[in-house]
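**Q** Chains S and F supply the protein sequences, listed in that same order.
Numbering of the first sequence is given in the UniProt record's numbering, commencing with residue 1 and proceeding in unit increments.
Numbering of the second sequence is given in the UniProt record's numbering, commencing with residue 1 and proceeding in unit increments.
Don't read these hints as lab results, they were simulated from the structure.
Heads up, a few of these hints could be off.
[Claimed, not checked] Taking lysine-lysine and the DSS-like style, the derived pairs with C-alpha atoms no more than 30 Å apart in a straight line are:
hint : chain 1 : residue 1 : chain 2 : residue 2
1    : S       : K23       : F       : K89
2    : S       : K253      : F       : K23
3    : S       : K444      : F       : K23
4    : S       : K319      : S       : K33
5    : F       : K89       : S       : K59
6    : S       : K319      : F       : K23
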Amino acid sequence: MGIELLVNLTYVAAAVLFIFGLKMLGSPATARKGNLVSAIGMFLAVVVTLLDQSIIDYKWIGLGIVLGGVVGAVVARSVAMTSMPEMVALFNGTGGIASLLVGWAALYGFDPNSFQMVTIVLSILIGGVTFTGSLIAYGKLSERMPGRPLVFGGQRIFNILLILGIVVSATLFVVNPDTIAYLYIVVALSLLLGVMLVIPIGGADMPVVISLLNSYSGLAACAAGLAINNIILIVAGALVGASGIILTQIMCKAMNRSLSNVLFSGFSAVASGGAAAKIEGEAKPMSADDAYYVLEAASSVVIVPGYGMAVAQAQHAVKELQEILEKNGAEVVYAIHPVAGRMPGHMNVLLAEADVSYDLLLEMDAVNPRMETFDVAIVIGANDVVNPAAREMEGSPIYGMPVINVDMARNVFVMKRSMASGFAGIDNPLFFKDNTRMLFGDAKEMLGNIIKAFG
Amino acid sequence: MEIVFLAFILMLSIFLGFELINKVPATLHTPLMSGSNAISGITLVGALTSAGAEHTQLATILGTLAVAMATINVIGGYMVTDRMLAMFKKKQGDAK
Chain S
1 MGIELLVNLT
11 YVAAAVLFIF
21 GLKMLGSPAT
31 ARKGNLVSAI
41 GMFLAVVVTL
51 LDQSIIDYKW
61 IGLGIVLGGV
71 VGAVVARSVA
81 MTSMPEMVAL
91 FNGTGGIASL
101 LVGWAALYGF
111 DPNSFQMVTI
121 VLSILIGGVT
131 FTGSLIAYGK
141 LSERMPGRPL
151 VFGGQRIFNI
161 LLILGIVVSA
171 TLFVVNPDTI
181 AYLYIVVALS
191 LLLGVMLVIP
201 IGGADMPVVI
211 SLLNSYSGLA
221 ACAAGLAINN
231 IILIVAGALV
241 GASGIILTQI
251 MCKAMNRSLS
261 NVLFSGFSAV
271 ASGGAAAKIE
281 GEAKPMSADD
291 AYYVLEAASS
301 VVIVPGYGMA
311 VAQAQHAVKE
321 LQEILEKNGA
331 EVVYAIHPVA
341 GRMPGHMNVL
351 LAEADVSYDL
361 LLEMDAVNPR
371 METFDVAIVI
381 GANDVVNPAA
391 REMEGSPIYG
401 MPVINVDMAR
411 NVFVMKRSMA
421 SGFAGIDNPL
431 FFKDNTRMLF
441 GDAKEMLGNI
451 IKAFG
Chain F
1 MEIVFLAFIL
11 MLSIFLGFEL
21 INKVPATLHT
31 PLMSGSNAIS
41 GITLVGALTS
51 AGAEHTQLAT
61 ILGTLAVAMA
71 TINVIGGYMV
81 TDRMLAMFKK
91 KQGDAK
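Input sequences plus hints: build the corresponding full structure.
**A** Shown next as structure tokens:
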């Protein structure tokens with residue numbers, strides 16, 4: 001009794017630490033400490049759980065912790081900042097599969113009542129969907145899989161049947177817990193559902209998917225907590241589940257789309273293509289030297305980074321250019337679109353890596369009203385988030401999405417590898433505007449050439 | 001009663017989660033996500049009992065696997081978040 005009380009009181013303390021930790025993650029000045037606070041909460045919860053009297057043998061626990069700890073630490077230390085999105089997706093997946101396994105193992109510990117059977121099935125279902133969904137997201141983000149939506153005829157019907165199958169087999173299992181075959185069917189179908197839910201979603205919508213999967217992994221832990229009657233799992237899981245949903249909403253709002261539109265529009269994308277008006281005109285390329293002359297005379301510059309900056313690893317070169325321009329007397333700020341890159345806040349992390357002060361990173365709403373006052377807007381590897389078609393062309397698939405209005409700056413430089421369209425596969429009229437000049441080539445190289453011209 | 005009690009905790013936690021995250025600046029969305037992702041590794045606590053309780057051989061195997069997976073989530077998640085946040089700096093005036 002004494003130990004059980006100690007365990008539960010420590011769980012309360014851990015919950016407090018998680019809450020403070022999340023709160024502190026909300027401000028750049030305290031964020032790092034907040035992460036530490038929440039890690040201490042986790043440590044406490046784990047250590048006190050080891051005192052639990054139902055634990056007889058520690059060798060398997062030790063094995064699991066050492067194995068997982070080494071893998072986690074090595075991966076966390078070695079991953080490049082540019083591949084952070086796929087990393088987060090992978091970690092998400094491991095959390096999901098762990099909840100699935102916990103739910104499954106809970107079947108053997110005690111005689112679950114029907115409420116617990118339901119929660120066990122839920123943790124298996126959500127955990128399974130999180131696991132395979134995250135793996136697919138990882139595949140798309142790391143470009144091991146095509147980023148385009150994968151669709152096939154009858155996909156919608158297939159998915160409906162799949163969900164029906166899950167409901168039926170899950171119900172059968174809850175009613176007949178002794179027929180283990182139903183469990184295997186639930187596990188298999190859940191894993192399949194995770195795949196089916198993410199493959200029709202295009203790479204450009206991945207920020208939304210990652211935050212949604214993040215939410216799922218919390219909900220899976222929460223369901224596992226209900227299954228094994230563990231309060232800290234319920235509290236922490238629900239916190240993560242709720243925060244993931246909030247982030248998902250913020251992302252959807254940034255793209256002016258509803259969540260269901262993001263999740264299911266892949267199905268209709270095939271049909272509606274080609275309806276948009278043709279864009280006429282000629283893109284005007286320029287050299288690094290020409291860019292230098294304009295930048296040398298500029299007194300205010302806004303830099304708009306996108307995923308291309310991450311691909312080219314150009315963040316340090318960007319920072320160098322910023323310093324040169326500042327020394328030259330110009331004001332330099334960064335405009336960050338909420339869904340620039342492959343996960344929310346991706347650009348901020350990369351620029352922070354390059355030592356750019358975070359108060360220079362402005363959000364879209366802060367920059368757009370004063371866009372006319374900038375002498376030069378430099379777009380580095382961004383495409384859809386600066387596409388004026390979102391404002392001007394009603395037929396465009398991204399019409400209505402809030403974008404950074406770089407075309408309203410006096411001059412626009414677009415750094416791009418080629419004329420190919422962006423991740424969303426939409427033409428960009430920005431490239432044909434009178435005040436736009438194209439700098440074709442690798443962003444890092446191109447920035448280096450401009451910096452050299454200053455030297 | 002037990003179910004009602006759990007449902008209460010669940011509901012309050014969800015509301016708290018909404019409130020905590022609602023006002024976070026976009027700059028911190030990535031670390032926030034990986035930080036909260038690490039918290040979802042709390043499922044490790046559940047995995048520990050499964051792995052150590054010796055209910056059945058299958059439960060031990062499932063539990064051990066769960067411990068390993070959840071530990072990857074926890075350790076990796078916290079470390080990677082710390083790595084990112086260590087880079088977030090504000091320039092102090094002219095001091096370079």
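**Q** Next, verify each hint and record whether it holds.
**A** Structure-based check of all given hints:
Proximity of K23 (chain S) to K89 (chain F) is assessed by CA-CA distance (about 19 Å); at most 30 Å being required, the pair is judged to hold. This hinted pair checks out: K253 (chain S) and K23 (chain F) have alpha carbons roughly 14 Å apart, not beyond 30 Å. For the hint linking K444 (chain S) to K23 (chain F), the alpha-carbon distance of about 34 Å lies beyond 30 Å, and the restraint is violated. A hinted pair counts as satisfied when its Cα atoms are at most 30 Å apart, and K319 (chain S) with K33 (chain S) qualifies at roughly 26 Å.
A hinted pair counts as satisfied when its Cα atoms are at most 30 Å apart, and K89 (chain F) with K59 (chain S) does not qualify at roughly 43 Å. Taking the CA atoms of K319 (chain S) and K23 (chain F), the gap is near 28 Å; set against the 30 Å cutoff, the hint holds.
Going through the hint list in order, the structure does not satisfy hints 3, 5.
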